Amino acid sequence: MEPESFGRRDFMKLAGLGGVVLVSGCASTMGSTRSGADTDFYFVQLSDSHWGFEGASINPDARGTLRKAVAAVNSLPRRPDFVMFTGDLTHTTDDPKERRRRMTEFRDIVGALEVKEVRFMPGEHDASLDNGKAFREFFGETRYTFDHKGVHFIVLDNVSDPTAAIGEEQLEWLRADLSKQSREARIVVFTHRPLFDLYPQWDWATRDGARAIALLQAHDNVTVFYGHIHQENHFMTGNIAHHSARGLMFALPQAASQPKRLPIPWDAGAPYKGLGFREVEAERSPVQYAISELPVG
Amino acid sequence: MRVQRRMLLRLGAAAGLAAVAGRFAVQAQPSPRIVRITARKFTYEPAELTLRLNEPVVFQLTTLDVVMGFSVPDFGVRGTIVPGQTTEVAMTPTKIGDFTFLCDVFCGSGHENMDGTLHVVA
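Top line first, the protein sequences correspond to chains X and L.
Reminder that position 282 of the first sequence reads as 282 in our numbering, one-by-one numbering, no gaps.
Throughout, our numbering is defined as the position within the second sequence, counted from one, plus 1000.
No lab work stands behind these hints: they were computed from the structure.
This one's a predicted model, so the numbers in the text were calculated from it and none came from an experiment.
Some hints could be false.
Listed next, with one range per pair, are the computed distances between beta-carbon atoms [stated by the list, open to error]:
#, chain 1, residue 1, chain 2, residue 2, range
1, X, GLY238, L, ASP1098, 27 to 35 angstroms
2, X, GLU169, L, VAL1082, 20 to 28 angstroms
3, X, GLU169, L, ASP1098, 37 to 45 angstroms
Where a beta carbon is used, it is the ideal one built from N, C-alpha and C, also for glycine.
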C-alpha cells in the first residue's frame, strides 16, 4: 500500500514520527466542495531559526540546526504543499551589511528545501531595526494574503514597527481583506508575535493585537499560527485558536516560570530538546487543523 | 442685563468655591515622588527600585543612545523614550509585590534582557 493511501496522521503513526497531535477545531462544518481545489492538504511551519546567533552553551550546533531542519522536512514521506517561516529567520545585528549577510546565508540554506512553495514573514530580529527594509529586499512584502485549496491565508506584520504594533494602516488593510471573506470562510493567520497578551512582562504581546482579534472574531473559522516564544502554546480567544511553534535555535522557558526570559541551556543528554517544527493538516470537513510536532535531530 | 450680571456673579462665586475646593484637593493629594531612570543598550539605571504602596510616582525617563520603551504591564503604564528628551510616566502602585518593567521597543541584540524590577512595599 502506498503511503498516500493512508490518512496523513495514520501514516505519521506508522512512521513513528508524530509528536503531540492536537486538533484545532472550528465551529462550522463546510458544505459541499465549491471546487475540486478544495481538498485537504498539509503545510509545514518553521520558525525562529535566528541565523547568526552564537552561544555554545545554548546551541553548540548553531550553524547546523537549520540545515538539519531542512533535511528533516526533505525526508518527510510526503511533500507538504508549502512551507511557512513565521519570522526571526535571522538573529538581529546593528550592522546592516551583517544583517544582509545573514539573510543571504539563510536564503541559501533554505533554498535546499524540496518544496514547491516556501513563504516567509519577518520577526522583530529581522525587521524591527530597519522597519523591514532588508527583509523586503530578500523575501518580499512583510504582509500579504494568499489562497490555497479553499483556505484564505493572511500574513500579518507585527514586527516592522519596533513598538510591536500592527498599526492603523495595516489594520485597515486587514479590515478590507476580511470584508471580502464570508463569515464561514476558512481563514488562517500567520503572525510572528502573539496577537493576544500572552505575557507582556516578557514582551510576548502585540500592542494593538486586540484590534486585529476583534476584526477576525467576526469570522467563524479563524486559526492563528505564530512564533516568537520558541515553544508550543495553545490558547483560545473567543472562537479563535492561537498556536505558537517551537524554534530552531533555542527554546525559551514557559511564561512566568522564571524571573528572566533567558534561553534554556543546551542539554547534552538530549540534544535539540525543545527545538522542532510542525506539520499542519488542513481538513475541510469539519474545518480543523491537525498539528503534529516534529523534532529537528 | 441685570439678570446677566446676577448670573455672572453666581458663576464667579462658583468659580471661587471651585478654586478653594481645588486647593483643598491639591493639599490632600501628596506630591508624586520623582524617580529618574536612564536607559541605554540594554540596561536601565537603576534597574531596581523600591516604591511605597499608594504613593504616586512620576518616572522621568531618558535614553543615552537609541529609542527605548519603558513598560510596567502590571500597572498598565508605558512610555517611549526618545534620545534628547525626557519622558514622564505617572503611576501609583496599588499592590504590593515585585513587578517587572521592561523595554517594549525593540532596540537590538540584548533587548530581551532589558528589564528591571519595582519592589512595592507597604
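Hints versus structure:
Between GLY238 of chain X and ASP1098 of chain L the CB atoms are about 32 angstroms apart, so this pair conforms to the stated range of 27 to 35 angstroms. Separated by about 22 angstroms at the C-beta atoms, GLU169 of chain X and VAL1082 of chain L satisfy the suggested range of 20 to 28 angstroms. The hinted window of 37 to 45 angstroms between GLU169 of chain X and ASP1098 of chain L holds, with their beta carbons roughly 38 angstroms apart.
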